[in-house]
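Q: Chains as they are written, first to last, in my numbering: chain A, 1 to 600; chain B, 1 to 325; chain C, 1 to 319.
It is possible that some hints are incorrect.
[Said to hold, decoys possible] Heads up, incomplete: computed chain A residues facing chain B, CB under 8 Å, no partners named:
{"hint": "1", "residue": "Asn-53"}
{"hint": "2", "residue": "Asp-59"}
{"hint": "3", "residue": "Glu-214"}
{"hint": "4", "residue": "Ser-218"}
{"hint": "5", "residue": "Pro-220"}
{"hint": "6", "residue": "Lys-237"}
{"hint": "7", "residue": "Ser-239"}
{"hint": "8", "residue": "Phe-240"}
{"hint": "9", "residue": "Asn-248"}
{"hint": "10", "residue": "Lys-271"}
{"hint": "11", "residue": "Val-272"}
{"hint": "12", "residue": "Gly-274"}
[To be verified] Computed beta-carbon distance windows for the label pairs:
{"hint": "13", "chain 1": "B", "residue 1": "Gly-77", "chain 2": "A", "residue 2": "Arg-186", "range": "20 to 28 Å"}
{"hint": "14", "chain 1": "B", "residue 1": "Pro-234", "chain 2": "C", "residue 2": "Asn-308", "range": "42 to 50 Å"}
{"hint": "15", "chain 1": "A", "residue 1": "Arg-203", "chain 2": "B", "residue 2": "Pro-98", "range": "51 to 59 Å"}
{"hint": "16", "chain 1": "A", "residue 1": "Gln-541", "chain 2": "B", "residue 2": "Arg-76", "range": "18 to 26 Å"}
{"hint": "17", "chain 1": "B", "residue 1": "Thr-106", "chain 2": "A", "residue 2": "Arg-513", "range": "52 to 60 Å"}
{"hint": "18", "chain 1": "C", "residue 1": "His-151", "chain 2": "B", "residue 2": "Pro-62", "range": "56 to 64 Å"}
{"hint": "19", "chain 1": "C", "residue 1": "Leu-76", "chain 2": "B", "residue 2": "Pro-234", "range": "20 to 28 Å"}
[To be verified] Derived BS3-like pairs: lysine-lysine, alpha-carbon spacing no greater than 27 Å straight-line:
{"hint": "20", "chain 1": "A", "residue 1": "Lys-434", "chain 2": "A", "residue 2": "Lys-420"}
{"hint": "21", "chain 1": "A", "residue 1": "Lys-285", "chain 2": "A", "residue 2": "Lys-600"}
{"hint": "22", "chain 1": "C", "residue 1": "Lys-78", "chain 2": "B", "residue 2": "Lys-236"}
{"hint": "23", "chain 1": "A", "residue 1": "Lys-252", "chain 2": "A", "residue 2": "Lys-600"}
{"hint": "24", "chain 1": "B", "residue 1": "Lys-236", "chain 2": "C", "residue 2": "Lys-85"}
{"hint": "25", "chain 1": "B", "residue 1": "Lys-236", "chain 2": "C", "residue 2": "Lys-89"}
Note that these hints are calculated values from the structure, not bench results.
Positions of the beta carbon are idealized from the N, C-alpha and C atoms, including for glycine.
Letter by letter, the chains look like this.
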Amino acid sequence: MHHSSRGSSTSYRARLMWGLFGGLCLLGILLGPYPAQGELLKVGLLDEPKTLNPFAVKDIWAAKVLMSCYQRLYYRDYRSNKLIPWLAAGDPVWDPEDLTVTFRLREARWDDGSSFTAEDVIFTAGVIMKFRLPRYWNNWSFVEKIEALDPQTVRIWLKKPMAILWERTLTTFVVEKSKWEPLVQRAEEALYKALGAKEARGRALRVALAKPLEILTSFPNERPESLGPFTFQQWRKGSFIFLKRNENFFAKDMTFHGAPVGPYVDGILFKVFGNMDTAVLALKKGSIDYLWWGIESGYLDDLKKDPKIQIFSTLKSGYRYLAFNLRRPPLSDRVFRQAVAYLVDKDFLVQRILHGQAVTLDTVVPPDNTFYFNPHTPTYGKGLAWPERVKRARELLLRAGYRWAVEPLGGKIPGQFMTKGEGLTMPDGRPVKKMHLLTPPADYDAQRAQAGNMIQQWLRGFGIPIQWRPMSFGAMIKRVRAQQDFDMFVSGWGALGSDPDYLRSFFHSRSDRPKGRNSGGYHNPEFDNLADIQAETMDLQERRKIVLRLQEILMEDLPYIPLYVPINLEGVRKDRFRGWIQMTGGIGNLWSFLCIKPMK
Amino acid sequence: MNLRLFVLVRSVQILITFFIIMTLLFVLFRLAPGDPVAFLTDPQMTEEEVALLSQQFGLDQPLHRQYLLYVWNFIRGEFGISFYYHRPVVEILKDRLPKTALLFTTATILYAFAGITWGKILAWKRGSLLDTSVSLFGLLTHTFFLPWLALILIWIFAYHLGWFPLNAMISPEIWLDPESGWLRKGLDILHHMVLPLAVLFLTHFGGYTLVMRSTMLETLREDYILTARAKGLPEKVIRNRHAAPNAALPVVTSLGLSLAFSINGGAITETIFSWPGLGRELVFSVSNSDYPLAQASFLLIAAFVLVSNLIVDIIYAYLDPRIRY
Amino acid sequence: MSLLEVDSLTVHYLTAKGKVHALEEVSFDLKKGEALGLVGESGCGKTTVAMAIMKLLAPNARVLSGKILLRGEDLLRKGEEEMRKVRWKEVSMVFQSAMNALNPVHRVGDQIVEAILAHDGSFSEEEAQKRVSELFALVGLDPNRMRDYPHQYSGGMRQRAIIAMALACEPSLVIADEPTTALDVVVQDQILGEMKRLQMDLHLSLLYISHDISIIARACDRMGVMYAGQLVELGPTQKVLEAPLHPYTRGLLNSYPSLRGPKKRLRPIPGEPPNLWEPPEGCRFHPRCPRASEICRSSCPPVVSLENGHFARCHRPRS
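Okay, chain A solo, but in the shape it has when bound:
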């Protein structure tokens, strides 16, 4: 500073800066045409996978990438919606006497050239069972042992019959034993060190498992092995993941529904976007061919106008619901909940709030689960006009002994009242106290928040003193799950999967405990009994009957009022690939990647 140049160099610097800027612009034009990499499917992801370790994966982004690498024994067929043999060579053979299931495996090769064998399947199951791997252990906890009858045949012995065997256990992914063995050995050593030869249960076991699980799940697995249609090539953190077509893919020469399986694309390039705005621009510009995430309705009109873009809409595998705290009167009264159900006009919600981008739901299994979905559950006021709904709800409550100081009278449109209800009292004469309706805030989920607001309006006019209170999702979950301190809340389930055993977890009285899933405190011995039976019913048709009945029970008791199933909107470039396959959840599935063909 003290002996800096005496002459000025400002103008020189300015010239340098402009030169630099100009150079960069020029650079852009020069770099412009990117080198061809064959026909790559370019997929936009909104976020990056957090880990590619299949034992640790919990984010959807990793699942999307790993789908093309780790394969399952059975896979869902896109036409019949049923499981078909995938890594397995045929249907599983069930022996109800010995409680065993036996299946053969296909000839397949890992991308390192080694053969896929029964050892890989047994190893994977072993890891899940030995370390009680969260998320997967539940699917294997009832397994006595798993053994290879020969290198291509596997048999599983069960402790007791368990229906989730089909949909969950037999759809577990398979890892390559030779790759994972050293890591698993380290985890085993840690387990042995913590446990010794002792048997441990409950907390003691959880303490002992902490370190081994950490060893197992903290392995980042930055190059997943593959049995699938694509092999993993490269992961540039924060930027992209590149998969190449697997020339040795086991299903390559197979035919499904009359069409030979590809893949016909040379590879998949996953690009990471941080936000929707640029991702949509990238789709419009053609930097990506497919945006693997629901497109918010705000972008829809613009995209629909673009002749190069095709929009697919698919029902999501989940639903939104209104739940009650059944421990608190009057919510503990089934009749009261039914009256509320009369007042909740789902069609109006779907039209007004979701602009038709959803389907109303009257049960607790989403309709894309065609096998277990019950379309004939009891409904409340479906198709009725608003004044009629108000009338039915009023009569229902009056019959049950509820009284108003002023009885409500419905107006023309939902939410309107000729006379507003006032001074509602319960059959025992006590007034209905002020209650709260919790929803996530509008910036988390605008639709749920608006639904909360609307339901508040409907119930208030009817005379139910309810206050809508949006709060952060985390805080709401804490109130509902951990503290069970709530009256009503609007929430949702997503990615429920195809096995209906979640009904047991949501509504069984065993789940009514702090942090349990039955946070509303629903108790019905008939339900408990049937739910336990369906869980062990191995015959699909038998089980189906029970599950349909469970839905009827729930829709009479109404611990939840199901509201709607959201629609997933996805966009692809029409000019790049054709033959997308729409399944549960959308077009982002292995079948699409196997079947799409370049336009050229």
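For this one, chain A is given, so just place chains B and C on it according to the hints.
A: Coordinates of chains B and C only, in the frame set by chain A:
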């Protein structure tokens, strides 16, 4: 006090401040609503599995034990395992930090340099058309809403004109090409940096220019400027050697302080441009109650701010000989 | 021929409140090797004279008329670049020490080196450094302290350094604007002595500017008295002090303690200096003048010479 002693004393101060920040962070995260376990679970998990997860991350321990563990781990250089990545937090930050540093150090150097240079020139030509127009421009861009500006620039220069990439730090197409050399890859990164740099530059340049302009105007009224003129020194020497260094002193201070706030805008910029840096990670970890990652990111930022303030102090001492500690 | 000739210099400042009549028809000359002092209350225009000679007047100053001839060349006609060469090489300045005249972020030595290099291309950096150490020795500073910063100097040292700086390019004229104000008396004495010695040794022409008549009295061969933008009296120091012609000079002398001789009672001048936005009609001093008559109120007095080389701007100078 000599400089070495000063740095020593300040370092001790920094350590104490850092410890306080560390404790505050711990408390704040625990006070915040939200149960990390709730985010970790999905409908298929059983309650026992949830308990196992809590156990694995030490979330079932009483708070004071969690705190002691946190401090002890910190002293050992262990920042824990991210709930989400299942990987050591240090690894994740090690990957993100250089990328953030690349973008923001470049931006800071550019806008501080341009701000100081332009402020100097504008003050010198006070009242001229140049002064009025550049000052107005700086004021205007300074008040721009950053995400809006970013999207506009993307829309014009990336989407319509196609001069620059829409987002991200590298083009997969170039990095996948085995024939790409380091020069091509380097240029590719540079190419991707232009728009985010432009946004950061435009939103920050005005502030620095105006501050520099006003301190420069004050400095020009100083007696030693009159001396310099009387000495018959050329105009540019007076401006650059006598006025600017004195005028830049407060600007340098504000630069150090504003580094702290740039992290905030950094998260937004990184999100919009899909820049795989620390800011984006921070937003993600906070919104998902990933305590270890969020805590470590904040600590890193705190350390960054504290150290950069120390550096600013040292630079200040170098620029202004009157300051000796 | 005089080294410097200021002829009928009139300067106004344009301000928001109006025009300030800062200098009105100021004329004087300065010979080679001579020390001339300008004395007056603050705001009387002395510094404007100095700045006008350096051509460093504030941007709102307007020179309405007059000439400033240095060796016969009119500085007012010179362009900025030509003037830059005149500054320091021909005319340098010693600033008031209370002023922040040295740049706090540069080493004292470097600030002098810079002046040398800016004016004399024949100097190398080392030669300039050597010259500065000579200058330091000349003004009584330790050359080893060249690499110090201004804040490391005492007030007296800073003033010596400023003097050294003023001498750096061997100018023929040095303007000293309040060179000793704000120094304590002992140091003030040393500095004055130093300057006197240097003037003699280097045969410098000096223009002293001060509000302190005692300093002018000690340092100058001739002195001028300024009041409200006008030079009201000019003459040999001895004459002016012993037989002032202008009533203002007399008032000024009466309000100062006598340097030598018997103590007498101080008599301040009644009233205040006029505001220069609207200076009084006629003689600018008339509102405060004990001898003011009708003519003083109506017409501006001419410059009259009563003795050889002793002038006053007064209708009724006391002979």
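Q: Please flag the earlier hints that this structure goes against, numbers listed from lowest up.
A: 9, 15, 16
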